[in-house]
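Student: Listed here are the chains, written in short residue letters.
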Amino acid sequence: MLLAAIVAVLITMVLALIRAFLGPTEYDRMLAANAFGTKTVLLIALGGFALSWNSFLDVALLYALVNFVGTIAVMRFFEYSRPEDESGDVEDIR
Amino acid sequence: MIRLRDLFAVVILFGIYSLMTAALFMDLDAVDVAFTEAAVGAGITTVLMLSTLRLTSRWENSPAHSPVLPLVVVSITGAALIYATLDAPLLGDPAAPAHQHVAPRYIQQGPVEVGMPNMVTAVLASYRGYDTFGETFVIFTAGIAVLLLLGIRQPQPHPRPRRAAIGDQIVLRVVVKLLIPLILLYALYVQIHGDYGAGGGFQAGVIFATGLVLYDLVFGEDCARLVVPAPWLPRLASLGVLLYGGVGIVSLLSGRPFLDYSALSHDPVHGQHMGVLLVELGVGITVFSIILAIYYALSGRKVRV
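Protein chains in written order, with our numbering: chain A, 68 to 161; chain B, 4 to 308.
Just to be clear, a hint being listed does not mean it is correct.
Listed next, the stretches of chain A that the computed footprint assigns to chain B, with coverage defined by at least 3 CB atoms under 8 Å from CB atoms of chain B [unchecked claim]:
1) 70 to 77
2) 121 to 134
3) 137 to 147
Computed list of chain B residues with no C-beta within reach of chain A, every gap over 12 Å [stated by the list, open to error]:
4) I15
5) A25
6) D32
7) Y86
8) D90
9) L93
10) E116
11) G249
12) L256
Covered by chain A, per the in silico footprint, the following chain B stretches (three or more residues, Cβ under 8 Å) [unchecked claim]:
13) 35 to 41
14) 186 to 194
15) 206 to 216
Source of the hints: derived by calculation from the structure; they are not laboratory data. For every residue, glycine included, the Cβ atom is placed at its ideal position computed from N, Cα and C.
Using the sequences and the hints given, assemble the complete structure.
Tutor: Here it is in structure tokens:
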């Protein structure tokens, strides 16, 4: 059961990675990286449970934090980036 | 697909790479290293690189020379490194020299001499106190060099975004307000709990700085400067290094070797505990102030038009 969960999370991570590479717009890439981070949190928690090492939960907590800060930073970056840097598709979504 | 000129995509992929590396460390049972990689590699580095991208340009210039020569150099170096790994002992081989030199002594004598459940902290802060002192100094020097190059300026007013700015999102503001005390508390936990579980000064300093960076990112560019003014930071960084060095001087004055914490108390194990706690505090203060100073230096600069 645990193994199945780990494999499922790993498959999702690969899918997110593919989206991060292909992603036509920045938002796809950002969302992919965010999803990848969330899956890593899950993977660490599951792995820690499988290896029965409680310290992994601390790491998982840290990952959740890091992921959040990273997403905010990326959004700020788009907000402040100069207008000529923004490509057309960004404008469309807005 | 492998050649990306979009540096923003490179930053995001770099963050993913860092998360993957941390997963690898986790697989190797190196919790402390995974901790550092997550905090430094995936977290604060992404923020700092995005701050840099904001100041420079998002798209990489086309290289002026052909990529053949660098490719040849990299291929030869890579082949040489792979050839060298053929002679290296297998991963986890108990007969490997790395596991036979001093590791058995650390494992057997560590709990008796230093008395800490987390062996990594015992080795890092006590047995290898010199190395960690050097690392702290490297961070200090690197931070001072960045400050000399960039300088912390008064923040420039940013062009107002057209609408839906991040600072105006009420949900985000409330969530971040609730989260920041927890983040700072978590940083203190990582700092002090380093003797018993994963963590220590390096990670705690980064997490503490991350909390303030988050505050700054959401509530506007100069909010964090009201909490921790920029002129404090170089002084705080020096204070951390001085605290670390001071512990060493105290043990010298007690007639023991430099950074031998047993001199700090009548009971050697108790002295070790106190020394490691003080030393980690020094590391934490230095790392925190240097990272925050670099962030201030990058975010306070005006975007070149």
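Student: Hint by hint, say whether it matches the structure.
Tutor: Here's how the hints hold up against the structure:
no.	hint	verdict
1	70 to 77	violated (count 0)
2	121 to 134	holds (count 11)
3	137 to 147	holds (count 9)
4	I15	violated, 5 Å
5	A25	violated, 7 Å
6	D32	violated, 8 Å
7	Y86	holds, 30 Å
8	D90	holds, 31 Å
9	L93	holds, 21 Å
10	E116	holds, 23 Å
11	G249	holds, 30 Å
12	L256	holds, 37 Å
13	35 to 41	holds (count 3)
14	186 to 194	holds (count 3)
15	206 to 216	holds (count 4)
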